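Undergrad: Next come the chains, spelled out residue by residue.
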Amino acid sequence: LAKTTQPISMDSYEGQEVNITCSHNNIATNDYITWYQQFPSQGPRFIIQGYKTKVTNEVASLFIPADRKSSTLSLPRVSLSDTAVYYCLVGEWGFKTIFGAGTRLFVKA
Amino acid sequence: DARVTQTPRHKVTEMGQEVTMRCQPILGHNTVFWYRQTMMQGLELLAYFRNRAPLDDSGMPKDRFSAEMPDATLATLKIQPSEPRDSAVYFCASGFSGGNNEQFFGPGTRLTVL
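For the record, the sequence lines run as chains L and V. Our numbering runs 56 ahead of the 1-based position in the first sequence. Our numbering runs 1327 ahead of the 1-based position in the second sequence.
Read the hints as simulated data drawn from the structure, not as lab findings. Where hints are given, some of them may not hold.
To be verified - Cross-link-like lysine-lysine pairs, in silico, PhoX-like; alpha carbons within 25 angstroms at most: (1) Lys1405(V) / Lys152(L); (2) Lys59(L) / Lys152(L); (3) Lys152(L) / Lys1389(V); (4) Lys164(L) / Lys59(L); (5) Lys1389(V) / Lys1338(V); (6) Lys59(L) / Lys110(L).
To be verified - If you want the ones that stay clear, here's a sample from chain L, every Cβ over 12 angstroms from chain V, calculated: (7) Gly71; (8) Asp87; (9) Gln98; (10) Glu114; (11) Gly147; (12) Thr153; (13) Val163.
Note that the structure is a prediction, hence the values are computed from the model and not measured. C-beta atoms are modelled at their ideal positions from N, C-alpha and C, and glycine is treated no differently.
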């Protein structure tokens, strides 16, 4: 399983764009990159997944460079309710999933 | 709105007692995961099942923990005997293999072992 490295925490202000980068130098050919969000007292929630280039949905964008050794989750115009822990996961579907420590995002008014 | 359900939501017990946590995965999902979350260790994968068969339980202390899927609508995680270090939030998640990597998490069971 590819190991992932993310910043421990980040601060932002409402209305700003937030970019959280995850390093996964040992990513394998069949690995996908998946991001989850977790609020206090809740289970993680799927945000977005990608394999290469750029993926966008109604919540976020995921940028993956050609070498796929890193990925960046982009949250446009964050609000206070985006304060949460964000996890980057790398792996094939259905195989053992390792959640790292995640990135604690604090959004301030 | 399909959801993973878990019971009980909270459990307080004394050391040495048996604890059983239950999970109902989303109908149609064929993969079920059990996780444990603590402040110190974060989210740890304990075990996961595909089509009710255990695929990996290497994250689970075998001497006291056991996980089963009696049928497709029920997954159980048992701890016997429980110890204070088992205090944590236990999450169940389900998903469908062959699709994307999305796991749908339940609300968790908060276990406190005194």
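Undergrad: A separate judgement is required for each hint: does it hold in the structure or not?
TA: Hint-by-hint comparison with the structure:
1. Lys1405(V) / Lys152(L): holds (21 angstroms)
2. Lys59(L) / Lys152(L): Roughly 12 angstroms separates the two Cα atoms, so the pair holds.
3. Lys152(L) / Lys1389(V): Given pair Lys152(L), Lys1389(V) holds - Cα atoms ~18 angstroms apart, limit 25 angstroms.
4. Lys164(L) / Lys59(L): violated (30 angstroms)
5. Lys1389(V) / Lys1338(V): Roughly 21 angstroms separates the two Cα atoms, so the pair holds.
6. Lys59(L) / Lys110(L): Since the Cα atoms of Lys59(L) and Lys110(L) sit roughly 21 angstroms apart, the hinted pair holds (cutoff 25 angstroms).
7. Gly71: holds (29 angstroms)
8. Asp87: Per Cβ check, Asp87(L) is inside 12 angstroms of chain V; nearest 10 angstroms; violated.
9. Gln98: The assertion about Gln98(L) is violated, with a minimum of 7 angstroms to chain V.
10. Glu114: Label holds. Min Cβ-Cβ 15 angstroms, cutoff 12 angstroms.
11. Gly147: At roughly 7 angstroms from the nearest Cβ of chain V, Gly147(L) sits no farther out than 12 angstroms, so the non-interface label is violated.
12. Thr153: Violated, since 6 angstroms does not exceed 12 angstroms.
13. Val163: holds (22 angstroms)
Comparing the model with each numbered hint stated earlier shows that hints 4, 8, 9, 11 and 12 do not hold.
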